[in-house]
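A.B. asks: Note that the protein sequences, when read in sequence, are chains A and B.
Residue 50 in the working numbering is what sits at position 50 of the first sequence, and the numbering runs on without skipping anything.
Residue 295 in the working numbering is what sits at position 295 of the second sequence, and the numbering runs on without skipping anything.
Check before you lean on any hint, since a few could be wrong.
[Unchecked claim] Examples of chain B residues toward chain A, derived with CB under 7 Å:
(1) 165
(2) 177
(3) 232
(4) 264
(5) 291
(6) 301
[As the list claims (entries may be wrong)] Sample of chain B residues with no beta-carbon within 10 Å of chain A, all distances over it, derived:
(7) 52
(8) 76
(9) 84
(10) 102
(11) 153
(12) 155
(13) 173
(14) 178
(15) 181
(16) 217
(17) 240
(18) 260
(19) 263
(20) 268
(21) 287
(22) 312
Everything labelled a hint here was simulated from the structure, so no lab data went into it.
Note that the structure is predicted; figures quoted are calculated from it, not measured.
Cβ coordinates follow ideal geometry from the N, Cα and C atoms, glycine included.
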Amino acid sequence: MLGYIMRRIAVSIVVLFLATILVFILVAESGNPLAILRANPHIPRATILAREKLLHLNDPLWQRYWIWFSHAIRGDFGTTIAGLPVEPQLISHLLVTLRMVILATLISIVLAIAVGVYAALRQGHLADHTATVTNFLFLAAPTFVIGLLLKEFVAIPLDEHANTTIFYTSGDQSPTLTGSFIQRVPDYAAHTALPVITLILVTYSSWAIYQRASILETLNSDHVRLARSKGLAPRRVLLRHILRNALIPVTTVIALDFAAILGGAIVTEIVFGWQGLGQWYLQGVTTLDTNITLAYLLVTATFVILFNLLADIIYAYLDPRIRYD
Amino acid sequence: MTEIPGLSPGEERLRIGTTEAGMHTIPSVGPADPRSAPDSSGLAEESRGQLATVVWRFIHSPMAITGLAIFAFLAISSLLVGAFWHYSYTAITNTLNAPPSWSHPMGTNAIGGDLFAQVMHGTLQDIEIALTVAVVATSLGTLIGATAGFYRGKTDTLLMRFVDLILVIPVLAILIVLANKVSKESSDWFYLALIIGLVSWTYVARLVRADFLSLRERDFVEASRALGATNRRIIVRHMLPNAFGPIIVNATITVALSIVLESTLSFLGLGIQPPNVSLGLLVDQGQDSATTEWWLFVFPVIFLVILILSIFFIGDGLREALDPRKSRVRA
C-alpha cells in the first residue's frame, strides 16, 4: 500500500509541475501586467522599467519560469505584481477557504448518503420521487444561481423580517471582529452558513443520485438475498451487506469530485464576497500575476491529492479485495 | 421492471424468477399495465430493432419526454423570437426599468433593453455553445479514448496523465486561465465553446478507453481480426458501435455541463461579453437588482435552470433507455 501511495504521489507531482509550465505560459502570454501603470502618464518611465526588471518581465519565458520553479521548490512563492510576499496572503486565504470547503464536504457526504439510501429504500414512493426531483434541480442549478437565490430570497428577507442579521451575505467575518475564539464563533457561523449551504447543495445532489443507484444495484445482488434468507436482521443487512458495498463506487465519485468542490468554492467566494483562495486566484489571473496563479494551483492540487489518498485508504477498508500492490 | 415494455404476464414472472430476481423493492408492473396493451405480444418486442427499442423506451419515460419537449420548445421558440420579435436583443427602447407588460413580456433593464429578446437570445446562445462543446468534446474524447484503449502504449499513458491533471486541478480554474487569455483575443462565442470543449473531453475519453479495453478482448474482435480486418475497420465498424450508448449519454450530459460552465464563466465576467448576451451574463447583470427589479434576475435564472434541467432529463432518459441490463433482447 505504501509503495502504491508513493507512486501515486510521485506521478501527481510530476503532472502538477507540467501543469504549472502550461499555466505559466498561458498567463504570462496574456499580456503585460504593468499595462495599467504604463497607461498612467503620471508614473515616470524609469519607475516602470525598474519594476519590469524586478519582475523579470523582459527575460525569456523559460527563464522566468525557472526563477519561479527554483524558488517554489524550496517553498518560496515569490512576490505579487504589487510587490507583496505571496505566502502570507496564501495562508490567510487558504484558511478562509478551508473553513468553507471542509464543512461543506463533510456535511455533503453525510447528506448524500442519507438521501441516497432513503430514496433507494423507498423506490417508487413519493419520498423517492421528491428526492430525485430535488437532486436533479440542485444538479441543474449552477453554483452562482443557488448562491444568489439563497442570498437574495432567503437571507435578505429573513434578516429584514427578524430585523437583525441572522445571515451575513457578504464577507467571511465582520471587519471589526475581536475577542477570544469562543466569542468569535457566532460571527463566523453567521457568515459561514450561507456559503456552506450553497456549496452543500451543489455538491450533494450528484452524489445522492449516484448513491441511490448504487444502493439499488446492491439490493438486487445475490449476497443480499442470501443475507436476507439467512434471516439476518434488516438493520444488519442494510448496514453490513448493502451500505458497505454500495459505498465503494460512491467513495470514488466523492474523491474525484473534490477538485470540483474547490472549483465551486471559487464561485461561492465571489457571490458572498469572501477573501478566499478562489477570489484571490481569479484576481491573480485577471491581473496576470503568475506567482499568485501558480501558488493557488500548487496548494489546491496538494489538497486534492491528499483527499484522494484518504479516499484510497477508505476504499481499501470498504473493499478488502482491493490490494494496492 | 417498469421499464420493460411489452411483456406478457408469464414472461414477466419468468424474468423475475431468473434474471433480475430479488427486485422486490421495485413495484412490479402488473399484467394490466396499460402501456403493454398496444403490443402485448412478446414477439413484437423481439422483432423490433435495437434502435427502435431504445426509442420506444425513451418516449415512454415521462421524465425523458418532458425534458425533450421543454428543450425543443426552448430551442425553437428562441429561434422564432430571434427572427420575429419586434425588438432585437441589442435594441434600446425609451422604457427604462419597466416591469413586465404586454409590450415587454419580461420588462426592460436600466438602459431600456427588452429583456424578453435578451433572455431568448441568451437561451439560443447557450444552446449554440453547448452543442458546439458537445461535438468538440465528444469527438475529441472518443478519438483519444478509442486510440488509447485500442493501441494502449504511449497514447494510453499520455491520456491517463492528462486525466490525472484534470483530476487534481479544478476544471473551473483551468477554464478561468484559458478564458482570460481568449477573451483578450476575441469576443466570438465560438472560441469560448472551443476552450470549454478542450477541458470537457476527458470524461468521454476515459469512458471510451475503459469500454475499448474490454471490447478488444472479446471474441468478435478476434474473429474479425482473423478474417483480416484492418485495425481501422475493427475500431469503426465493430468496437465503436458497441460503445455508442455510453458515448451518446455522455454527450448529452456534456451539453448540460457546458451550459453550467459557460454561464459560470459569463457570471465571472470571463465568458460572453456584451453586447452579446447569454443567460449567465444576464443573471450577473440582474443580480444587484434582484429584490427591486426582480424581473431582471428571476427570468434569466428560471430559463437557465429549466434549460439545464431539461437536458439532464434527456440524458437520464437516454441512459435508462440504452441500459442493456434493462433490455430483454440480448444485445
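A.B. asks: Give a verdict on every hint.
C.D. replies: Hint check results:
Taking 7 Å as the C-beta cut-off, the interface hint given for residue 165 of chain B holds, the closest approach to chain A being about 5 Å. Taking 7 Å as the C-beta contact cut-off toward chain A, the hint placing residue 177 of chain B at the interface holds, the least distance being around 5 Å. With 7 Å as the threshold, the beta carbon of residue 232 of chain B stays out of range of chain A, its nearest partner Cβ sitting at about 31 Å, so the hint is violated. Interface hint at residue 264 of chain B: satisfied, since its Cβ lies 6 Å from the closest Cβ of chain A, which is below the 7 Å cut-off.
For the restraint placing residue 291 of chain B at the interface with chain A, the shortest Cβ-Cβ distance is roughly 6 Å, inside the 7 Å limit, so the hint holds. With a cut of 7 Å, the hint placing residue 301 of chain B at the interface with chain A holds, because the nearest CB-to-CB distance is about 6 Å. Every CB of chain A lies more than 10 Å from the CB of residue 52 of chain B, the least distance being 26 Å, so the non-interface label holds. Against chain A, the non-interface label of residue 76 of chain B holds: every CB pair exceeds 10 Å, the least being about 21 Å.
Non-interface status of residue 84 of chain B relative to chain A is upheld: no Cβ of that chain comes within 10 Å, the nearest being about 29 Å off. Every C-beta of chain A lies more than 10 Å from that of residue 102 of chain B, the closest at about 27 Å, which supports listing it as non-interface. Distance to chain A confirms residue 153 of chain B as a non-interface residue, since its nearest Cβ pair spans about 17 Å, more than 10 Å. Once the 10 Å rule is applied to beta carbons, residue 155 of chain B is consistent with being away from chain A; the minimum gap is 16 Å.
With a least CB separation of 6 Å from chain A, residue 173 of chain B falls inside the 10 Å interface cut-off, contrary to its annotation. Not every CB of chain A lies more than 10 Å from the CB of residue 178 of chain B, the least distance being 7 Å, so the non-interface label is violated. For residue 181 of chain B, the non-interface assignment is contradicted: its Cβ lies about 5 Å from the closest Cβ of chain A, within the 10 Å cut-off. Listed as a non-interface residue, residue 217 of chain B keeps its Cβ farther than 10 Å from every Cβ of chain A; the least gap is roughly 21 Å.
Residue placement check: residue 240 of chain B keeps its beta carbon more than 10 Å from all beta carbons of chain A (closest about 26 Å). With a cut of 10 Å on Cβ distances, residue 260 of chain B falls inside the contact zone with chain A, its closest approach being about 5 Å. Against chain A, the non-interface label of residue 263 of chain B is violated: not every CB pair exceeds 10 Å, the least being about 5 Å. The claim that residue 268 of chain B is not at the interface with chain A is violated, since a C-beta of that chain comes within 10 Å of its own (minimum 6 Å).
The Cβ of residue 287 of chain B does not lie farther than 10 Å from every Cβ of chain A; its closest approach is about 5 Å, which violates its non-interface assignment. With a least CB separation of 5 Å from chain A, residue 312 of chain B falls inside the 10 Å interface cut-off, contrary to its annotation.
When each numbered hint is compared with the structure, violations occur for hints 3, 13, 14, 15, 18, 19, 20, 21, 22.
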